[in-house]
Each structure stands twice: as C-alpha cells, then as structure tokens.
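Engineer: Each chain, letter by letter, is given below.
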Amino acid sequence: MESTVKLTPLTESDQLLLDKIEQEAETSINLCYQCGKCSAGCPVGFAMDYTPRQVIRLLQLGLINEALSAESIWICASCETCSARCPRGVDIASLMDTLRREALYRGIITDKKVAVFNQAFLAGVRNFGRTYEAGLLLTHNLKTMQPFKDAELGLPMMSRGKVHLFPAKIKGREQVKKIFERAEKMRGEQ
Amino acid sequence: MKLAYYPGCSSEGSAIEYDLSTKKTAHMLETDLQELEDWNCCGATSAHNTNKLLAGSLPARNLAIAEQNGMDLILAPCAACYNRLHSTELAARKDNALREQIQEVIDMDFKALTTTISVLEWLDDKVGIDKIKAKVTNPLKGMKAACYYGCLLVRPAEHTGFDDTEDPQSMDRIVRALGAQTVDWPYKVECCGAALATSRPEIGAKMIYDVITNAKAAGAQCLVTACPLCMLNLDMRQAGAEKMFKEKLNLPVYYVTELVAIAGGASPTEVGVGKHFVEAISYLESLPARAAEMEAAEPKPVKKAAKADSEESDGEPAGAEDAEALQKKIDAMIKGFNKNPDKMAARLIEDEERAKILVEVISGDEKKTARLAELMVTDKEKATKAAEAFVTGELKKREKQN
Numbered sequence: 001m002e003s004t005v006k007l008t009p010l011t012e013s014d015q016l017l018l019d020k021i022e023q024e025a026e027t028s029i030n031l032c033y034q035c036g037k038c039s040a041g042c043p044v045g046f047a048m049d050y051t052p053r054q055v056i057r058l059l060q061l062g063l064i065n066e067a068l069s070a071e072s073i074w075i076c077a078s079c080e081t082c083s084a085r086c087p088r089g090v091d092i093a094s095l096m097d098t099l100r101r102e103a104l105y106r107g108i109i110t111d112k113k114v115a116v117f118n119q120a121f122l123a124g125v126r127n128f129g130r131t132y133e134a135g136l137l138l139t140h141n142l143k144t145m146q147p148f149k150d151a152e153l154g155l156p157m158m159s160r161g162k163v164h165l166f167p168a169k170i171k172g173r174e175q176v177k178k179i180f181e182r183a184e185k186m187r188g189e190q
Numbered sequence: 191m192k193l194a195y196y197p198g199c200s201s202e203g204s205a206i207e208y209d210l211s212t213k214k215t216a217h218m219l220e221t222d223l224q225e226l227e228d229w230n231c232c233g234a235t236s237a238h239n240t241n242k243l244l245a246g247s248l249p250a251r252n253l254a255i256a257e258q259n260g261m262d263l264i265l266a267p268c269a270a271c272y273n274r275l276h277s278t279e280l281a282a283r284k285d286n287a288l289r290e291q292i293q294e295v296i297d298m299d300f301k302a303l304t305t306t307i308s309v310l311e312w313l314d315d316k317v318g319i320d321k322i323k324a325k326v327t328n329p330l331k332g333m334k335a336a337c338y339y340g341c342l343l344v345r346p347a348e349h350t351g352f353d354d355t356e357d358p359q360s361m362d363r364i365v366r367a368l369g370a371q372t373v374d375w376p377y378k379v380e381c382c383g384a385a386l387a388t389s390r391p392e393i394g395a396k397m398i399y400d401v402i403t404n405a406k407a408a409g410a411q412c413l414v415t416a417c418p419l420c421m422l423n424l425d426m427r428q429a430g431a432e433k434m435f436k437e438k439l440n441l442p443v444y445y446v447t448e449l450v451a452i453a454g455g456a457s458p459t460e461v462g463v464g465k466h467f468v469e470a471i472s473y474l475e476s477l478p479a480r481a482a483e484m485e486a487a488e489p490k491p492v493k494k495a496a497k498a499d500s501e502e503s504d505g506e507p508a509g510a511e512d513a514e515a516l517q518k519k520i521d522a523m524i525k526g527f528n529k530n531p532d533k534m535a536a537r538l539i540e541d542e543e544r545a546k547i548l549v550e551v552i553s554g555d556e557k558k559t560a561r562l563a564e565l566m567v568t569d570k571e572k573a574t575k576a577a578e579a580f581v582t583g584e585l586k587k588r589e590k591q592n
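Note that the protein sequences, when read in sequence, are chains A and B.
Going by our numbering, the first sequence opens with residue 1, and the numbers climb by one from there.
Going by our numbering, the second sequence opens with residue 191, and the numbers climb by one from there.
Looking at chain B on its own, in the form it has when it is part of the complex (with noise of 0.2 angstroms):
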C-alpha cells in the first residue's frame, strides 16, 4: 500500500516517538509512506478559531501538493491535523464557491480530490486486523489497557464516518490483535483538555486528571493513544495532574503504533518508549510475569479438562491413561509441596528470602499449590514464573497495607 504521508509539526517535537513508531509499523505492514514535500502546518485549532478561509487554506497547500504528486490517500497520524485536513477536503468538495476561494488564497490547483484517513483508519480498515495479527511476535500478553480516543479520531461523525462515535472500538480491536486486553471505560472519548491545558491550565489538569483516574478505575494499568496532543496531556502533564491533586497517578501512556511496532519485534527504546515523560518501559517489561499471574489466578480444573480431552478423543484409551498418569504426578507434587514446601520452593526460586514468601504464599492456599504442581509437571518454566509472579504480588500487597 502506497500512502502520502503528513507527519505535522508535533513530529518533529514533542511527538518524536509517533513519527518513529509509526514508520517502523509502515515498514512492519509493508506501507510505503510518501512524506509529502515541503509541507506546512495545518493551522490547528487557533486558525479556525481565528479565520475561517485561513483554517481552509493552510491545510488545502498540503492537499494540493499531494494532488500535484498523483496521491490521493494521505495519512495523518496527528488527530488534529486529520481532522483539519479531512474537514478541508470535504467542505471543499461540498462548496465550489469555497473551493475556488481557497484556490485563490493559496495560489494553486485545488481539486479537493484526496482523502485524508487517520491511523486508526488505516490500522484497523486499510491493513485490516487480520494482517497485523499476523506480524505479532511479540505478543503483548498480560497487558490490560484503556483505548483512548478522545475527540477528532472519532467527532463529527460525519467526517470521520468509520467508528463508533459514543463507543469507537477500532483502537481495541487494533490492541486486541497484539495479545493485550482492553478495557470497557466510560471516558474514551472524554476530551483531554487540549490546547487548555496550556492557556488554562488549572481546567485542562482537571481534565486530565479525570481521565486518567476514570481508566485506572476501570481496571487498566496503561493508557494507548492516537493523537500527539493527547499524549502531550496525560504524559507530560500527568505530573501537574498530580500535583494539583495530591496524588501520585503514574499511569503510563503510548502511541497505539508504538505497541504494534514493539509486538512486531521493534524494542521499546528504538520506537522511543524511552523518551516519555511518565516511565514506560518497566511495564512493558513486567508483562511477563503479569501473564503469568493472570494465567495463576484463573487455574484450570486439570481432571475435568483432561476428562474432556479423553471425551472428545472418544475410544482412545491412551488419551485417558496419559491424563491419570498426569493427575498421578500431580497429586504428588502437590504432596511434596504440603510435606517439604521450603524444598519445593527452592525448586522454583533461587533468592532464599523471596522463597521464603512463596512457601508463606502458598501455604494453606490449596489452590496456589495445586496450580503450581500443576506446571511443574507441565512447563517448568511457566511454574518459576508463576511463583516469581506469586511473590511479586505479596510483596505489593505488604507494602500497600503498610
């Protein structure tokens, strides 16, 4: 797929990490991203809250340019440089008068011929899921993240056409299809506060602040954006957030092409997670363990599904004598836990004092023990890492009650 390609001002500043991570997820998906030449601002919101012919004709040289060059799909990666440049087409395309007027202000061809699509378009409806699944290698298992729209990927409907206005799903599924979990939260297309948090800063950190407090209250442990001015607000910002409310947030915030270009391979620090403001990477790192302790918590009835599996493979006695034989070792590893549990902890964990815990985690918790017998038999590696996710976990818990 051929695309032009409107990186905006913001990519060349504060949005460093949308522009990389969003050419490295062009070449993970086999887009040829054009950047268009020569391009200039889009105006913003201060040109059409200023004139209204300037906030048509800023982003119509860029359409224009693009026309000159035979493009007609143009990717814009900032939500308000997607929402300007859209508008202008399509107000163009409605009133020749306006068209003809803006031709006349910047003193070129103007069709109004292409069509602008943002990254969630081109993600979810250009690429298609099925495409992008199909490059995970780095699945983002034991992620739990809230999707966030916030306004001009998903308003007015009438230009952006391809999502739910109220309840947008196309970020989830994008999300969803790189292994992580999403979250279903009232607030994904609350507004952030914008440019207010800049001009009025004592109403944008409210904004902010409830976002941020609405997601986590929903269970999401990351925040996944679209749009460079969101991300200036609950990345940068959070901090003033903070400070304004008195308590600490420490939410981490990315770009949903970041997530697909590190699920693809890509490393974390080349997409640019490094360079937020709120710490990023750790969580990336901790996704691991977190899958492990989410794969704990939800233990599997071993007897019933090895029964299923000998059901389904019906007249197969082995299958049925391989499950008994299991269940056998099973019980005797849970067995070995009840009888000697500082032994079978050093199995699984070598620092002595975080055994220690695991043995006073699992003692009298039948069904830790069972879960963790359970994949010492089966991956002994999943069972150290369960443990370890044990652990971690009581640790948290000790130091939240003190």
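The shape of chain A in the complex, shown without the other chains (with noise of 0.2 angstroms):
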C-alpha cells in the first residue's frame, strides 16, 4: 500500500458515484464534523481498520475506493447504534449498508467470509422460500473451507429438535426465484 496518499478534486464519475451512495443511503456525509461519537460507541469498532467516522472521512476526502476496500464495511454488524447516536443525524448504518452493497456489485470484497455467509444464506431463501439453517451452516462451512467448524454444535442442535434433515419449502417457492431474478435484474439497470 501506498504510505502517501494524493488528494486530487473529484473526478466527475467519483462525483457521479458519491452522489449515488448518499442518495442510496438517503443520508449526507457532508453533514459529520467528525466527533467520533459513532465510533467511540461502536461495538465492533475494536475489530475495523477504519473507524466508522474514518470510513465517512474517507468519503469526505473523495477517497472512496479506500472507503470501498476498508474490511470495516464488512465486518459492520449493522446494529445502528451509530446512526441513533449521531448528533447530525447522519445514518451511518445506512452508509456502510450502502458501500456493502457496491462493493459487492464491483467485486472488491476484503472480507470473504462475510460475503460467502451472505450468498449462502440468499441461496437457501432463493431455492426453498425459507432459510435453512443446517444447510447454511454446511455451505458456509464447505466454502470458507473450514468444514470442521461449530462441528460440536451438530449434535446438540439435533437433540434438541432444533435441526430438520430437510430444509422447509414453501408453495410461492417460483415466485420468491422470481422476486429475486427480478430484483437483481432491476438493480442492474439502475
């Protein structure tokens, strides 16, 4: 990485993508003065490279495929404790769900196992109607290639009668297939 970094005005296609971020997000970065009070109260701040009031300073600076690239968007629990506390009303979880979303869309993913839970997890929703949380575990576990992992948990869940050999399938299963081909076609469009 690059120790200096060279801040240069806006391109007009950064501009084009910040104004779509905020627009997304419904908030506006230009509205943090940078207290930190989102990041002092942040629970997985402890774990992020960037500080969410770093991540929206990023942004400010127009250095947005740092802000893209930061493993902080994904490891973003999404438990809006951030935007509730902002004194400028700035959604803060709104953002970081925004730049989730586009960093997926562009394939910069710096967190892996976030990503592949994700579509694991949409791939269960989009074949049965319904997630099935055996197989999401499986699939989770077989693609991050950790296959021994909550192993201990298997049984335990079983004798509980918390896990069903098969996944639940709904009757509506070909119109949820079609919501999601419909959605993501749309979203291409945009």
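Just so you know, not all the hints are guaranteed correct.
Unchecked claim - SDA-like, lysine to any residue: derived pairs with alpha carbons at most 20 angstroms apart:
id : chain 1 : residue 1 : chain 2 : residue 2
1  : B       : Lys192    : B       : Lys316
2  : A       : Lys113    : A       : Met48
3  : B       : Lys465    : A       : Val163
4  : A       : Lys113    : B       : Gly430
5  : A       : Lys143    : B       : Lys396
6  : A       : Lys37     : B       : Glu356
7  : B       : Lys396    : A       : Ala47
No lab work stands behind these hints: they were computed from the structure.
Join the two chains, each given in its own frame, into one complex according to the hints.
Structural biologist: Right, here's the structure in full:
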C-alpha cells in the first residue's frame, strides 16, 4: 500500500458515484463534523481497520476506493448504534450498508467470510423460500474451507430437535425465485 | 385481540422454544395468532447487505399476503424479521415510487397498509402490564434478571418508536410484572455480534463475552431476550466464549415469552426451556429457595412493625396485646435457639449434616437467629425454606473458598 495519499479534486465519475451512494443511503456525508461519537459507541470498532468516523472521512476526502476496500464495512454488524447516536443525523449504518452493496457489486470484497455467509443465506431463500439453518452453516463452512467449524454444535442441535434433515419448502417457491430475478435485473439497470 | 403471526425461519429450527412460548403466551393472554399463509424468509441482514430492492421485496410478499387476508397488525417475534418487515412498511409508505417498484418485483398488490409489531410492543403496549400481572399464578420471585434488548428491538428509533433507545424499559416492566427483579445495567442495548459469531467468531465471541460478564457484574443471575439471534449467540455460543476467555460463565438465558408462560402456570419443559444449551431449568427450580434467602437477608424488625400496626389501628388494645404475645413467643424461640441449637435445627432440617451446618451458621449470628425464630412462630414452612437457604448459601461460600 502506498504510504502517502494524493488528494485531488473529485473526477466527474467519482462525484457521480458519491452522489449515488448518498442517494441510496438517504443521508449526507457532509453533515458529519467528525466528532467520533459513532466510533466511540461502535461495538465492533475494536476489530475495524477504519472506524466509522474514518470511513466517512475517506468519503469526504473523495477516497471512495479506500472506503469500499475497508474491512470495516464487512465487520459492521448493522446494529444501528451509530445512527441512533449521531448528533448530526447522519445515517451511518445505512451508509455502511450501501458501501457493502456497492463493493459487492464491484467485486471488491475485503472480507470474503461475511460475503460468503450472505451468499449462502440468500441461496437457501432463493431455492426454498425460507432459510435452512443447517444447510446454511454447512455451505458456509465448506465454502470458507473450515469443514469442522461448529461441528461440536451439530449433535446437540439435533438432539434438541433444532435441526431438520430437509429444508422447509414453501408453496410460493417459484414466486420467490422470480422476486430474486427481477430484483437483480432492476439492480443491474440502475 | 387478533394478530397475524409471522414466525420467521428460526422458529422452525434454532428458536423452536420462542415459537412454542409465544403461542402459549398468546393463548394465556387471549391473543388470537393467525399464521400468515405460505410466508417466506424476510431476507434478514444478508438481503440488505446485497440488494436494496430485494431487501424490500422479500418482506413485502408477506405484507401483501396479510393485506390480501384483511389483516393489518402483524406480530413478528424475531427482532430481525420485525426490523425488516416494519422498515419495509415505513419505507414504502414514505416513497410511492419504491412501493410501485416493489409491487412490480413481487407481482402482487402491495399498499403498505400493515403495521408489524415486536413481542415487546405486543406485551407492553397492546396487552398491557396490568393484564399480564392478573394472569400470573406462579410468580418468579427470587429471580434477578438482566433484560437484554440488543439492537433491532429499539433501533432505529424512528422505526420502533415505542421505547427509549439507550435505556429501554418495556421488557423490564414485563419481567417485573411476573414477580422477578430486574437489574440496571449498561449493556442492555449493546450488540451481541449477530451473524459475526458465525462469520467472524473471534470478533463475535468477544461481544458475547462482554454482554454476559456485564450482566453478571450488575448482579444478574440470568439474561432475558426477545430475539432468536441474541439467544443463539448468548446461549448456544456461550460455551465458545467460555473457551476463548478461559472462564466459566454459566448464565442461563430465557426468552421473555418463556417467562411469561411459566409465570402463567406453564411448565418450563412444555415451553422448551429444556432445549437450551446453557442448562436453564435448575435456576427456575431454585427460585423459591432464593426468594426465601432474599427475604431472610432483609429481616424486618418485628417489634417496630407490630407497634406501627397497633398505632395505625388506633385505640384497639387487642392489636397491641397480640403483638406483645407474638413477640413473647419469638423471644422464647430465640432462647430455645441459644440454649439448644441442635434440637431447634433438627426441627427445621431433617438431614443431620445440613442441620449441623445450620447450627454453625446461626450460632453467634443474632440477626439470622431472630429471623428464623420469627418465621417459626409466624410461618413454619417459610422457616424451613429460609433454613435450607442459609445452609445452601453457606455451602456455596465454602465451595468458593476451597
């Protein structure tokens, strides 16, 4: 990584991207006066490379790629504490959400584990209409190459009647599949 | 009251108890739950992490089904489902273009007319504390609980809007109505780590550990939650946090609906408490002894109370005489304890060894002796319970010292 960052005026395409991010997040990054209240209260701040305040600063400085590559946006647990406390009314959680989606769309995925989890989760919903917890854990483990993760929980889950051998399937499966297809298509058209 | 019921995917797997106890609680409180037909997953965090339109459309299919069936109030016990369903309703009401877009994606009529509520809102706001209190037949006296709200039951405020985001009280009110004590603690709205416990366990385990140790430091003997993911993390993954931090935590966790149902007369196993990972039935069974212990720890000065009574009943010498007679009996009992403690202890506890320990505990402890003497005169059963509690407490103390 370069140790110095050159700040230059935003290019037109960067400005367009920033506008789009703000619009989708329904918030404005320029409201932020960098007080850091969001980061002081962030329950996962300890594990982030850039704190939420710093992520906003990156955007304010036009360093959009840096923000999209931050591990922080994948570590964010969407707990909404930052948005609830921001004295300027910046919806930071929504911004994090938007950055995650944008990064995913551009294939910049700094934390593969979280992205793989989301993918496995949605694959289950797309196929069955509901989440299949056991299948989700299994897929996640296989795709992240850790087949025995949480293996000690498998049997106790079963003995408690909390795991089904087969997923629950809803009648409207085809309808749900179409919801996925249309939502993806419309996302691509934006 | 009639509510549409959206169980959510975890109700069929990891959160079976939540579903069981919600239905039991509803029956007890005369709420008619009508499960939404052929409901689908709300998409949870994964959908809104991935595609905003998908994140609105998956919940909207369920909302549209409710609309088709003429239902306008939906109960979603899972905090994440509640958040997704309710925020979709609000976003679509605010933004007509979005509503139309969603309508196109789900290919159904969607007017965004429904309102989704959480379990807390249902119990505290729609049913009401007084009605819950009136249904309690088995009060949870002796329980010291930390009510854990986590994130999505209180945030964002403009969505939830019925409780404080920093120091919510609705669950505390419900749990207190059941006869339990609740503790004041700073981590009641901290995040449990949600899916991070699965995707990034090294981060998730610390968050789980922090919530549990903070509750214990505040004096809580159990946690109460109204969210399946919080339950999964705090209960099922408690062992993982113990392993990582090399510390035994052993804090039972309950769904608020389990407690309401149990206080209303249901058995713990019937509402699924036996399915928890951290053993949670024995704490419930220990409550009567704990209540007696608590009572014993705060001895009421009998003389003063008796006098106050007689003063209140102004000019009724009989009351004063009664009090005096009672005090005489208690004094005699205290004398008995001092003179022949072994015999007195044997009257309270059958087991010889435990009776011996009781003698050791009360000899030289005037307060405890007086308390037992008073109870023996007024309520023999309570005296036995208090004596057992003294012994159990002493044994625990000794165990710790060893």
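Engineer: Are the hints correct? Go through all of them and say.
Structural biologist: Status of the hints after comparison with the structure:
Of the pairs offered as hints, the one joining Lys192 (chain B) and Lys316 (chain B) holds, with about 11 angstroms between alpha carbons and a cut-off of 20 angstroms not exceeded. Straight-line distance between C-alpha atoms of Lys113 (chain A) and Met48 (chain A) comes to about 15 angstroms, which keeps the hinted pair within the 20 angstroms bound. Taking the CA atoms of Lys465 (chain B) and Val163 (chain A), the gap is near 12 angstroms; set against the 20 angstroms cutoff, the hint holds. Between the alpha carbons of Lys113 (chain A) and Gly430 (chain B) the distance comes to roughly 19 angstroms, so the proposed pair stays at or under 20 angstroms and holds.
At roughly 24 angstroms between alpha-carbon atoms, Lys143 (chain A) and Lys396 (chain B) are farther apart than 20 angstroms, so this suggested pair is violated. The straight-line distance between the Cα atoms of Lys37 (chain A) and Glu356 (chain B) is roughly 14 angstroms, inside the 20 angstroms bound, and the hint therefore holds. Restraint check for Lys396 (chain B) and Ala47 (chain A): satisfied, since their Cα atoms lie roughly 10 angstroms apart, inside the 20 angstroms limit.
Consistency with the previously given hints fails for number 5 only.
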